[in-house]
Amino acid sequence: AAGVIQSPRHLIKEKRETATLKCYPIPRHDTVYWYQQGPGQDPQFLISFYEKMQSDKGSIPDRFSAQQFSDYHSELNMSSLELGDSALYFCASSLAVGPGYGYTFGSGTRLTVV
Amino acid sequence: AQTVTQSQPEMSVQEAETVTLSCTYDTSENNYYLFWYKQPPSRQMILVIRQEAYKQQNATENRFSVNFQKAAKSFSLKISDSQLGDTAMYFCAFMKGDDKIIFGKGTRLHILP
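Those sequence lines, one after another, are chains A and B.
1 is the number of the first residue of the first sequence in this note's numbering; add one for each residue after it.
1 is the number of the first residue of the second sequence in this note's numbering; add one for each residue after it.
Calculated directly from the structure, the hints in this document are not laboratory data.
There is no bait here: all hints are sound.
Using 30 Å as the maximum straight-line C-alpha spacing, the simulated BS3-like pairs for lysine-lysine come out as follows:
1) A/Lys-57 x B/Lys-105
2) A/Lys-57 x B/Lys-73
3) B/Lys-105 x A/Lys-13
4) A/Lys-52 x B/Lys-96
5) A/Lys-57 x B/Lys-96
6) A/Lys-22 x B/Lys-105
So that you can see chain A by itself, here it is in the shape it has in the complex (with noise of 0.2 Å):
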C-alpha cells in the first residue's frame, strides 16, 4: 500500500540557511500535518492544511511558511535556520471524513543545522 512519502530522509544545513522539506501524501487523502519531533521530544504540532488551504497552526515560527499544492503534496519552508530547528519533521495525512482512524505518518525529515 502506499504511505506517505517525505523528502530528503536527511538534511544538513548551516545556520541563516533556507531548507525546504516535501510531503506527498497518501493518494485520495485531503489533510495534510506537519509535526517537529526535537531530540528526546514528543512531537509537536506544526500546522495542517484540508483541501490545499490552512485549516490549523500550531507552535510554527515565523521563519517557517507551508503550503499544500493542487496535487495534494505540501512543502514546509524554514528560512533563518538555527541550531534550535535540528529536528526531525514528520508530516501525516489523513482523510477529513475520517480523521478517527488517526493519521498515517512518513519516515520523517531529519534536519541537522549545523
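Could you slot chain B onto chain A? The hints should help.
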C-alpha cells in the same frame, strides 16, 4: 486545552511478559479519539491501536489491548507476550473531532531477552 500525561518515562520487562503502559488525559469534550503510537529506533511513527470515546468496548489488536476508562480519563495499553521487536518509544495521543493529534511525552519501553 487538552493534555495527555504519560507517567512512566521508561520501563523494562523480560521477553514474553505482559506490560502495561499508563496514560491519562484531560478534556471537556465528549466525542474524541485516543491512540497509541509506537516509535521504534527507526523513528517511524506507527499506529498501534485506536479507541473511539463513544465506544465502551476496549479495543484489541492481536497482542495489544487497551483499558479505556472514560470517567477516569484513563487509557492504558497492555502488551501481552512481549517480543524484542516491541522495544520502542510509545506515545499516547488524543484527538477531538477532526482536530490535530496531541501527544503525551512518551514511555520508552525496553524488552529484555
